[in-house]
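Take a look at the letters that make up each chain.
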Amino acid sequence: MSTLPNEREEYLKKKKKEKRIVIFFQILILVCCLLLWEIAAQFDWINTFLSSSPSLVFKTFLSLFEQNDLLSHIGITTYETFLSFAIASLIGLSVSTLLWWFPRLAKILDPYLTILNSLPKVALGPLIIIWVGASMNSIIFMALLICIFLSIINIYHDFLNTDSSYITLLKSLGANKKDIFLKVVLPANLSNIINNLKINVSMAFIGVIMGELLVSKKGLGYLIMYGTQVFNINLVITSVFLLGILSFLFYYLICFLEKMIQKKTAN
Amino acid sequence: MKNILTISHLKKNYQDDSGEIEAIWDVDLEVPEGKFISIVGPSGCGKSTLLSILAGLEKKSGGTIQFHKDDIKLGYMLQKDSLFPWRTILDNCLLGLELKKMLTEENIHYVHHLLDTYGLHDFKNKYPSSLSGGMRQRVALIRTLAIQPDILLLDEPFSALDAMTRVALSDDVYHMIKKEGKTVLMVTHDIAEAVSLSDIVVVLTKRPARIKKMYEIQLTGRSTPIENRKCKEFSMYYDQIWRDLDVHLTE
Ligand SMILES: Nc1ncnc2c1ncn2[C@@H]1O[C@H](COP(=O)(O)OP(=O)(O)OP(=O)(O)O)[C@@H](O)[C@H]1O
Ligand SMILES: [Mg+2]
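Note that the protein sequences, when read in sequence, are chains A and B. Numbered according to my numbering, the first sequence terminates at residue 267, and the numbering increases by one at each position without gaps. Numbered according to my numbering, the second sequence terminates at residue 251, and the numbering increases by one at each position without gaps.
In short, the hints are calculated from the structure, not lab data. Ideal Cβ positions, reconstructed from N, Cα and C, are used throughout, including at glycine. Do not rely on the hints blindly, as some may be mistaken.
Stated by the list, open to error - Result set (SDA-like, lysine to any residue): computed pairs, CA atoms no more than 25 Å apart in a straight line:
#  : chain 1 : residue 1 : chain 2 : residue 2
1  : A       : Lys177    : B       : Pro149
2  : B       : Lys126    : A       : Asp163
3  : A       : Lys264    : B       : Phe84
4  : B       : Lys73     : B       : Phe84
5  : A       : Lys171    : B       : Asp16
6  : B       : Lys35     : B       : Lys232
7  : A       : Lys177    : B       : Leu57
8  : A       : Lys177    : B       : Lys80
9  : B       : Lys100    : A       : Asn176
10 : B       : Lys124    : A       : Thr168
11 : B       : Lys126    : A       : Ile194
12 : B       : Lys126    : B       : Arg166
13 : A       : Lys178    : B       : Pro149
14 : A       : Lys178    : B       : Pro85
15 : B       : Lys124    : A       : Leu182
16 : A       : Lys177    : B       : Ser52
17 : A       : Lys171    : B       : Ser159
18 : A       : Lys264    : B       : Lys69
19 : A       : Lys171    : B       : Ile65
20 : B       : Lys59     : A       : Trp101
21 : A       : Lys171    : B       : Ser129
22 : A       : Lys171    : B       : Pro128
23 : A       : Lys178    : B       : Glu98
24 : B       : Lys126    : A       : Lys177
25 : A       : Lys259    : B       : Asn125
26 : A       : Lys263    : B       : Asp122
27 : A       : Lys171    : B       : Tyr127
28 : B       : Lys80     : A       : Ser164
29 : B       : Lys69     : B       : Lys101
30 : B       : Lys101    : A       : Thr168
31 : B       : Lys126    : A       : Trp101
32 : B       : Lys60     : A       : Ser164
Unchecked claim - Covered stretches of chain A (in silico footprint by chain B; criterion: 3 or more residues with CB under 8 Å from a CB of chain B, positions within the stretch not fixed):
#  : region
33 : 85-94
34 : 162-168
35 : 174-182
Generate the whole structure from the sequences, applying the supplied hints.
So this is what it looks like as structure tokens:
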């Protein structure tokens, strides 16, 4: 009785401490890198025209924010990413459901899916521009191409690997295919589907940036492209930094969603 | 006594790429209503196959199966409890009623009653991960009983449990089933379990399964399964069935 609460306290304390140490070192690494970079720039060990510096990046960031409508660039990239993410996830889920529902269709389509999935989609970029036109549609089309096939293949395989004893049980209770899908296959694969959403966000983001590099007049990908063309490395590196932060935010948004769903299903 | 089920000349072959596997070869069986029947047989002889055919999960290759009751309901309990981890204990137990569109107040009440009676009252709204092996098996049985089946098909219901829990639970289950007045066909590997629980023990041959012997178990002073193990005829049945099964480890 007397030792137990202490043990618990100690365990919690230890856990907290461990977490603090990890965060400390994570920040330390970032600060050290930035500091080293800044120092190297100040003492002219590196050429800031080619490799910029943290203070220049910050200045560029401020001027972009004031003059060039940075928010609308970030907004457009975010919008494109979420649109392609939503479309890709929806199509991925429905097509894999169809494949699960009609095994013969899955057998027939198998080689095509494999080929489409392994094809390097970037190579299609110029073709997409010709077909779809140099507009936002091309960018979204590119992003869709990049996520959809992987999404379909992954979710379909997760569906197939559903514990067969659950399905046998349902059949013994007289379930039809719809029951099996709604009562077993879908709930059993909820965490797999969420994992797939996480992958889709990253892939959609990659696709959007790739598309923007190819065609756009707005967005972070465009800023990178433009910066390269006018040889403004500060602009390029600032945009890359923003990309990193944005992808981090997207990822945590999905993680947050995951936690919400888990909380809901666990209650 | 009235029969509830007649199986005659039942045959089953499995087909796959490597060829044909004869699983059941000519099984005849009369199942009297309200009796507890155990099926024992060598491993892989076709016991599970027999139950899945009765449950309608596999097609038979020949013979007839006749139920002597209209709209007969079967409850099939598999070896794995297969409780859904994303459903509460109560919702797991209601699964059958849900699928058969029988979620009436009366039926739900019956499930609550079963859970209360068999020591699961406090766990209704918990998830399966918080249950012990014996409790999970009990939940699986309640899920099977919820639809009020006329015949229970049990496929090695206790085999995943340790010896102690197993004997205790088989006692529980026996009472549950007797009280509900069900007919039971149970597959088991455990001869002692078969003799102590059953009215009739059916011994099958090696694959393809045929009926080798049938025993009407008559015990003087028959009471609960645990007590039945002390009856004087118990070891005689045990030895005889053991010899029938002809277990050769070298084979
Ligand atoms: N779906 C299937 N396809 C092909 N062969 C099968 C299939 N299911 C079972 N068999 C074969 O049929 C035979 C009987 O299988 P069954 O599962 O009925 O045996 P069992 O008596 O229940 O065995 P155990 O005591 O090990 O549970 C086995 O030889 C098995 O290999
Ligand atoms: Mg079996």
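Now for the hints, and whether the structure bears them out:
no.: 1; hint: A:Lys177 / B:Pro149; in the structure: holds, 23 Å
no.: 2; hint: B:Lys126 / A:Asp163; in the structure: holds, 22 Å
no.: 3; hint: A:Lys264 / B:Phe84; in the structure: holds, 16 Å
no.: 4; hint: B:Lys73 / B:Phe84; in the structure: holds, 23 Å
no.: 5; hint: A:Lys171 / B:Asp16; in the structure: holds, 22 Å
no.: 6; hint: B:Lys35 / B:Lys232; in the structure: holds, 22 Å
no.: 7; hint: A:Lys177 / B:Leu57; in the structure: holds, 14 Å
no.: 8; hint: A:Lys177 / B:Lys80; in the structure: holds, 22 Å
no.: 9; hint: B:Lys100 / A:Asn176; in the structure: holds, 10 Å
no.: 10; hint: B:Lys124 / A:Thr168; in the structure: holds, 24 Å
no.: 11; hint: B:Lys126 / A:Ile194; in the structure: holds, 24 Å
no.: 12; hint: B:Lys126 / B:Arg166; in the structure: holds, 23 Å
no.: 13; hint: A:Lys178 / B:Pro149; in the structure: holds, 24 Å
no.: 14; hint: A:Lys178 / B:Pro85; in the structure: holds, 20 Å
no.: 15; hint: B:Lys124 / A:Leu182; in the structure: holds, 23 Å
no.: 16; hint: A:Lys177 / B:Ser52; in the structure: holds, 19 Å
no.: 17; hint: A:Lys171 / B:Ser159; in the structure: holds, 22 Å
no.: 18; hint: A:Lys264 / B:Lys69; in the structure: violated, 45 Å
no.: 19; hint: A:Lys171 / B:Ile65; in the structure: holds, 19 Å
no.: 20; hint: B:Lys59 / A:Trp101; in the structure: holds, 22 Å
no.: 21; hint: A:Lys171 / B:Ser129; in the structure: holds, 23 Å
no.: 22; hint: A:Lys171 / B:Pro128; in the structure: holds, 21 Å
no.: 23; hint: A:Lys178 / B:Glu98; in the structure: holds, 13 Å
no.: 24; hint: B:Lys126 / A:Lys177; in the structure: violated, 28 Å
no.: 25; hint: A:Lys259 / B:Asn125; in the structure: holds, 21 Å
no.: 26; hint: A:Lys263 / B:Asp122; in the structure: holds, 22 Å
no.: 27; hint: A:Lys171 / B:Tyr127; in the structure: holds, 23 Å
no.: 28; hint: B:Lys80 / A:Ser164; in the structure: holds, 11 Å
no.: 29; hint: B:Lys69 / B:Lys101; in the structure: holds, 21 Å
no.: 30; hint: B:Lys101 / A:Thr168; in the structure: holds, 19 Å
no.: 31; hint: B:Lys126 / A:Trp101; in the structure: violated, 32 Å
no.: 32; hint: B:Lys60 / A:Ser164; in the structure: holds, 21 Å
no.: 33; hint: 85-94; in the structure: violated (count 0)
no.: 34; hint: 162-168; in the structure: holds (count 4)
no.: 35; hint: 174-182; in the structure: holds (count 3)
In summary, the numbered hints that this structure violates are 18, 24, 31 and 33.
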